[in-house]
Amino acid sequence: MKTDDSKKDDQLDSLKKQMADQELIQMNRSYLESLGAQRKNKTIRWLWALIACLVLMIGVQSYFLFNKNPDNQFSHNQEPGLINPNLFPKLYSQDSLDPFSQFQQMQKRMDRFFDQNLNQLKGDPFSMRSFSFGGPFSQNFDLTEENDRYIVSLDLPGLDKTKLDVTIEEQTLKISGTIEELNETKEEDKFFKSQSSSHIERYMTLPGPVKPESLQIDVKNDKLIVEVQKK
0 MKTDDSKKDD QLDSLKKQMA DQELIQMNRS YLESLGAQRK NKTIRWLWAL IACLVLMIGV
60 QSYFLFNKNP DNQFSHNQEP GLINPNLFPK LYSQDSLDPF SQFQQMQKRM DRFFDQNLNQ
120 LKGDPFSMRS FSFGGPFSQN FDLTEENDRY IVSLDLPGLD KTKLDVTIEE QTLKISGTIE
180 ELNETKEEDK FFKSQSSSHI ERYMTLPGPV KPESLQIDVK NDKLIVEVQK K
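FYI, in numbering that gives the first Met the number 0 the residues of the sequence shown are 0 to 230.
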């Protein structure tokens with residue numbers, strides 16, 4: 000039989016073992032909580048990075064689509080009465096620091112922007128080409144609205160007046176023509192001349208219904224002026 004001292008030693012050893020087990024359990028629990036917090040913080044950082052990438056992609060896409068839309072190409076020196084819609088008045092509000100609300104506001108503006116362009120292109124199978132233009136047609140384009148008419152002016156240097164065609168179908172204005180370019184180069188005592196021509200088309204949607212039969216065209220100093228009465 001065990002003596003009293005032996006029993007006390009056994010009880011003391013058992014108590015020490017229980018305390019060691021509890022300490023080990025507490026350490027494991029603390030480690031798991033720390034690991035969970037690290038994973039949570041890492042997930043939050045990845046989420047913010049993803050949101051930032053999405054905002055950047057939408058901003059870049061909006062910039063290129065906005066610049067490729069001919070209805071948004073206006074001259075810098077505009078006078079009162081010229082139509083210059085501000086599709087993006089402000090992407091961020093100074094009154095709100097919530098990035099999620101700012102992202103939602105940007106998304107709504109993008110939806111309105113795409114809806115507007117899709118409505119303008121509706122019904123005209125050729126209007127998609129209005130997103131692809133360049134050269135002289137991308138210079139100094141003005142659209143002026145008066146009480147009874149719209150006036151469109153466009154600088155076209157080198158335009159061949161005999162190969163100019165301007166038509167209106169419903170609210171879509173089509174301008175097409177041939178641009179002649181003459182290049183001269185000099186090398187020592189020799190002159191070289193080269194001539195090139197290119198066919199250009201431009202489509203745009205007028206703000207309101209018009210009378211196609213009232214179309215008037217005038218070309219002055221390489222500047223095309225188109226007038227059409229409102230319906």
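Simulated from the structure, these hints should not be mistaken for lab results.
All of these numbers come straight from a predicted model, not from anything done at the bench.
Be aware that a few hints might be false.
As the list claims (entries may be wrong) - Below, simulated DMTMM-like cross-link-like pairs (lysine to aspartate or glutamate); rule was C-alpha separation at most 25 Å, straight line:
#, residue 1, residue 2
1, Lys222, Glu145
2, Lys162, Glu187
3, Lys210, Glu200
4, Lys39, Asp141
5, Lys210, Asp141
Pairwise hint evaluation, aspartate 141 against lysine 210, where the allowed Cα distance is 25 Å at most: 20 Å, holds
25 Å Cα cutoff - pair lysine 39, aspartate 141: Judged against 25 Å, a Cα distance of about 55 Å means the pair is violated.
Pairwise hint evaluation, glutamate 187 against lysine 162, where the allowed Cα distance is 25 Å at most: Violated, at roughly 37 Å.
Satisfaction of hint between glutamate 200 and lysine 210, Cα-Cα up to 25 Å: Satisfied, since the Cα-Cα distance of roughly 22 Å is no more than 25 Å.
Lysine 222 paired with glutamate 145 [C-alpha distance capped at 25 Å]: Measuring from Cα to Cα gives roughly 20 Å; hence the hint holds.
In summary, the structure is inconsistent with hints 2 and 4 from the numbered list given earlier, while agreeing with the others.
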